[in-house]
Amino acid sequence: MDNKRLFTTKFFNVTTVFALFLLFISVNVKATVMQDTLEKAETDTAKAAAHGEKELDISDVILHHIADSHEWHFWGEGAHKVAIPLPVILITKGGVATFLASKHEADEEGKEIFTEKGTELINYEGKYYYPGPKNADGTYFTLDENKIPVNDKPLDMSITKNVLALFISVALLLIIFGTVAKGYRKRVGKAPKGLQAVLEPFIVFVRDDIARPQLGHKYKKFLPYLLTLFFFVWINNLLGLIPIFPGGANLTGNIAVTLMLALGTFILTTVNANTSYWKHVFNTPGVPWWLKLPIPLMPVVEFIGVLARPIALMIRLFANITAGHILILALLSLIVILKAVTVSLFSIPFVIFISLIELLVGFLQAFIFTILSALFIGLAVQDDHH
Amino acid sequence: MVVLSINPLVNPDPGLFIWSAIAFIILLIVLRKMAWAPITEALAERENFIEDSLSKAEAAKQEMASLISENDALLKQTRAERDQILAEARKVKEQMIIDAKEIAQKEGARMIELARVEINNQKAIAMADVKNQVATLSLQIAEKVLRKQFEDQQKQDELVSQLLKEVKL
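The listed protein sequences derive, respectively, from chains A and B. Residue numbers for the first sequence follow this note's numbering, so the first one is 1 and each next one is one higher. Residue numbers for the second sequence follow this note's numbering, so the first one is 387 and each next one is one higher.
Since the hints were made in silico from the structure, they are not lab data. It cannot be assumed that every hint is accurate.
Below, in silico cross-link-like pairs of lysine to aspartate or glutamate (EDC-like), each with a Cα-Cα straight-line distance of 16 Å or less [claimed, not checked]:
| # | chain 1 | residue 1 | chain 2 | residue 2 |
| --- | --- | --- | --- | --- |
| 1 | B | K479 | B | D469 |
| 2 | A | K182 | B | E427 |
| 3 | A | K186 | B | E427 |
| 4 | A | K190 | B | D469 |
| 5 | A | K221 | B | E493 |
| 6 | A | K190 | B | E437 |
| 7 | A | K190 | B | D438 |
| 8 | A | K186 | B | D469 |
| 9 | A | K220 | B | E431 |
| 10 | A | K220 | B | E427 |
| 11 | A | K190 | B | E431 |
| 12 | A | K190 | B | E427 |
| 13 | A | K153 | A | E200 |
Now the stretches of chain B that chain A is said to cover, found in silico as 3 or more residues with beta-carbon under 8 Å [claimed, not checked]:
| # | stretch |
| --- | --- |
| 14 | 403-417 |
| 15 | 428-439 |
Using N, Cα and C, we set each Cβ at its ideal position, and we do this for glycine too.
Bound-form chain B, shown alone (with noise of 0.2 Å):
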C-alpha cells in the first residue's frame, strides 16, 4: 500500500468501502425487485402494445383497401353482368320479335294458302254448276230448237238426207 498512500485521497478507506458495498448490492437487490423489473416489464408491455396497436391499424388499412378493391370488382362484375343480362334480354326480344313475325308470316301464307285452295274448289264447284246450268239450258234450248226445226216433216228429211251426205263410208 506503499504507492497508494502517497495521498489520502487515493486511499481507498476500507470501512467506506464495506459500507458502500454493503449499500449498492442492497440497492441493486431491492431495486432489481421493487422497480426495475416492473418498470421495465411494463415498459415493454407498452412497446408491445403500441407496436401490436401499429401493426393491427396497418391490418385494418389493408384490409379497408382490399375491401374497397373487392367492392369495386363486386360492383364491376355486377355491372358486367347487368350489361349482359340486359345485352341477353333485347337479344331474346329480338329474336322473339323475329320469331313472332316468321310464324305470323307462315301462317299468313297458309291461310293465304288454304283460301286460295277453298277458293279454287269454290270456283270449280261453282263451274260445275254453271257448267250443269249451261248444260241443262243448252239441251233445254235445243231440245226447243230442235222442236221448232222438226215441226216440219220435209225440214226432218232434209237433215237426215244432210246427214247422211256427210257420212262418209
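Pulled out of the complex, with its shape left as it was, chain A reads as follows (with noise of 0.2 Å):
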C-alpha cells in the first residue's frame, strides 16, 4: 500500500504529532470512561433489582441522553416533562402507522397493547415490538440475553429525535452553502466576504490538503462527496455539543450514520476501483507465490483489509463522539451520584474543558473521516506505480 502521499503532505506533518497525541489522550480516557460506565450501568440495574429499590440509575439517564428517541426531551420527568413529542412511522404488517409519540407513551413496558391500522403493538422503553404471548408479569415481549426483546418488530421509520437532528442540519447546510455560493456569484473574481470568507478556508483546506494529496490530478470527481462528507460530520459533530433544541442529538455518534458515511465510502472505493486495485486484493504483486497458493492467505488478509477500512471508519467516528458525549454526561453526573453540589466545582471546570476537546475533537474526526476517505478512495483509483 502506498501510504507516502499521506505523510509527505507538509500540512499532516504538522497536524499529525498534534493529532496523534490528542487522539491518544482523549481515546484512552473515553474508553475507560465508558467501558466503567457499561459495567456500572449492569451491576447498578443489577443491584436495584436485587434490593428492589427505584434509585436513579445514572447509567441508563447517560445512556437514553445519547440514544436516538421518539421525542425531544427538555427538561422534567413524569407529568413535569416538556418534551416535543416526534411523529412515530411504522410499517407494519396491516400498513403504514402513524402517529404522535406521545399518544402511546403511557405504558413503556410492554404490559399494554395498542392497534394501530388494525395491527396489535407495543411498547417497550421507547421501541416498538409486536406482542408475544402475555408473560404472567402482564408484558408481551420475551427478553435475550442481552435484556432486548427477541419479539418481531416492524419498521420503524419514524421521525425521531435523530432524524429530525439530521433534517436540521441538511436545511442548515444547504442555507450556509447557499449563502455562501450566493457570495461567490455576487462578487465575481473578488475577495471573499462574510460568511463566505469564513467558510472558503475550509473548502480550499478539503480541496487541497484532502483531495489533491490522495487523489492526484482525479480529486475533481470526488471533490463534492469530500466536501459534503467532511461539512456534514463536522456541523452534527458540533450541533451535538449545542445542549439546547437545535443541537444536543448524538447523530454523528450513531452508530447508523456512521455505517451510513461509512457504507458511502465503500461504495464509492468499490464503484471506482481500477484494475490495479483488484489485482493489490487478489495478486498483490511483490509476494511470495506460496502466501497465494494453495491457501489464498494474502488475498484473504487483504479482502479483510477492503472490508475493515469502511468498518474502521465508522468504528471511530461513533466512539470518539459517543465517547465524549458520555464522558461530558458522566462529569455532570457526578454531582448526582456524589450527591453534593460542590462536586461541581470540579465537574463543571472539567465539562468546560472536555466541551472545548469535543469541539477540537468535532473538527479533527470531521477531518479524519474525510481524509481516510479520500485516501481509501485514492488507494482504489490510483495509477498503477508498479
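Since each chain comes alone in its own frame, lean on the hints to assemble the complex.
Here it is in C-alpha cells:
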C-alpha cells in the first residue's frame, strides 16, 4: 500500500503529531470511562433489581441521553415533562401506521397492547414491537440474554430525534452553502466576504490538503463527496455539542449514521476501483507465491483489509463522538452520584475543558473521516506504479 | 445480528440508516449542483486570475527592464553615433583646412611663377628696348664721334693706314 503521499503532505506532518497526541489521550480516557459506565450500568441494574429499590440509574440516564428517541426531551419527568413528541412512522404488517409518540407513551413496559392500522403493537422502552404471548408479569415480550426483546418489530421509519436533527443539519448546510455560493456568484473574482470568507479556508483546505494529496489529478470527481462529507460530519459534531434544542442529538455518534457514511465511502471505493486495485487485493504483487497458493492467505488478508477500512471508519467516528458525550454526561452526573453540590466546583471546569476538547475533536474527526475516505478512494483509483 | 446486539448503542437502527442515507444523498446532489460547482469554479477562476495577474506583472516587469536596457542601448548607440559624426566632422574640417592650404599654396606658387615669368618677359622686353636705345645712342654717338674725327683728311688717312697695317694678310 502506498501511504507515502499521506505523510509527505506538509499539513499532515504538522498536524499528525498533535492529532495523534490528542487522539491518544482522548481515546484512552474515553474508552475507560465508557467501559466503566457500561459495566456500572449492569451492576447498578443488578443491584437495583436485587434490592428492589427505585434508585436513579445514572448509566441509564446517560445511555438514554445519547440514544435515539421518539421525543425531543427538554427537562422534567412524568407529568412535568417538557418535550416535543415526534411523529412515529411504522411500516407494519397491516400498512403504514403514523401517530405522535405522545399518543402511546403512557406504558413503556410492554404491558399494554394498542392497535394502529389494525395491527397490534406494544411499546417497550420507547421502541415498538409486535406483542408476543402474555407473560406472568403482564408483559407481552421475552428478553434475550442481552435484555433485548426477541419479538418481531415493524420497520421503524419514524422521524426520531436523530432524524429531525439530521433534517435540521441538512437544512443548515443547504442554507449556509447556498449563501456562500451566492457570495461567489455576486462577487465574481473579488475577495470573499462574511460567511463566504469564513468557510472558504475550509473548502480550500478540503480541496488542497485532503482531496489533492490523496487523489492526485482525479480529485475533481470526488471533491463534491468529500466536501459534503466533511461539512456534514463537522456540523453534526458541533450541533451535538449544543445542549439545547437545535443541537443535542448524538447524530454522528450514532452507529447507523456512521455506518451510512462509511458505506458511502466503501461504495465509492468499490465502484471506482481500477484493475490495479483488485490486482493488489487478489494477487498482490511482490508477495511470494506460496502465500497465495494453495491457501490464499494474502488475498484473504487483503480482502479483510478492504472490509476493515469502512468498518474502522464507522467505529472511529461513532466511538469518538459517543465517548465525548458520555464523558461530559458522566462528569456532570458526578454531582448527582456523590449527592454534593460542591462536586460541581470540580465537575463544571472539567466539563468545560472536555467540551473545548470536543470542539477540536469534532473538527478533527470530520477531518480524519474525510482524509481517510479520500485515502481509501485514492488507493482504489490511483495509477499503477509497479 | 447477535454480535451487534450486545448493546443498543452499536445496533444500527434501520430507520435512521435509511433516513440518513436519503438525506445525505439529497444533500450531496443539491450541494453539488447548487454550491460545490459554483464555489470550486469561482475559486479556480480566482486562482487562475491571480496567477495570471502575477505572471502578467512579471512579464510587464521584464518588459520594463528590457525596455530600459533597450533605451540604454539606444542611448549608447546614439551617443556613439554622435561622437562618430563629430569625429568625422572634425576630420573633414581638418582635411578641408589642409586641402585649402594646399590649394592656396599651389595657387600662390603658380601666381608667383606667372609673375616671375611676366617679370622676366617684361625685363627681357625692357632690356631689348634698352639695348636698342643703347645701340641707337651708340650709333649716334659713334656717328658724331666719327664725324668729328673725320673732319680732317689727314686723320682719315692715318686711320686707314693704321687699319691697313692691322690687317695682316
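Taking 16 Å as the top limit, are the C-alpha atoms of K186 (chain A) and D469 (chain B) close enough?
-> Violated - the C-alpha atoms of D469 (chain B) and K186 (chain A) are around 63 Å apart, more than 16 Å.
Hinted pair K190 (chain A) and D469 (chain B), Cα distance within 16 Å | Violated - the C-alpha atoms of D469 (chain B) and K190 (chain A) are around 55 Å apart, more than 16 Å.
Satisfaction of hint between E427 (chain B) and K220 (chain A), Cα-Cα up to 16 Å | With Cα atoms ~11 Å apart, K220 (chain A) and E427 (chain B) stay inside 16 Å; holds.
Measure nothing beyond the straight line between the CA atoms of K182 (chain A) and E427 (chain B); if it is 16 Å or shorter, mark the hint as holding.
-> holds (13 Å)
Assertion that chain A covers the stretch 428-439 of chain B - criterion: three or more residues, beta-carbon distance below 8 Å = holds (count 5)
For the pair we were handed, K190 (chain A) and E427 (chain B), check the Cα-Cα distance against 16 Å.
-> Measuring from Cα to Cα gives roughly 13 Å; hence the hint holds.
Hinted pair K221 (chain A) and E493 (chain B), Cα distance within 16 Å = violated (102 Å)
Would the pair K153 (chain A) and E200 (chain A) pass a check requiring their Cα atoms to be no farther apart than 16 Å?
-> violated (46 Å)
Taking 16 Å as the top limit, are the C-alpha atoms of K190 (chain A) and E437 (chain B) close enough?
-> holds (14 Å)
Stated coverage of the stretch 403-417 of chain B by chain A [criterion: 3+ residues, CB within 8 Å] | holds (count 12)
Hinted pair K190 (chain A) and D438 (chain B), Cα distance within 16 Å | It holds: about 15 Å lies between the C-alpha atoms, which stays within 16 Å.
Does K479 (chain B) pair with D469 (chain B) here, judged by a C-alpha cut-off of 16 Å?
-> holds (15 Å)
Going down the numbered hints, you'll see the structure goes against 4, 5, 8, 13, while the others check out.
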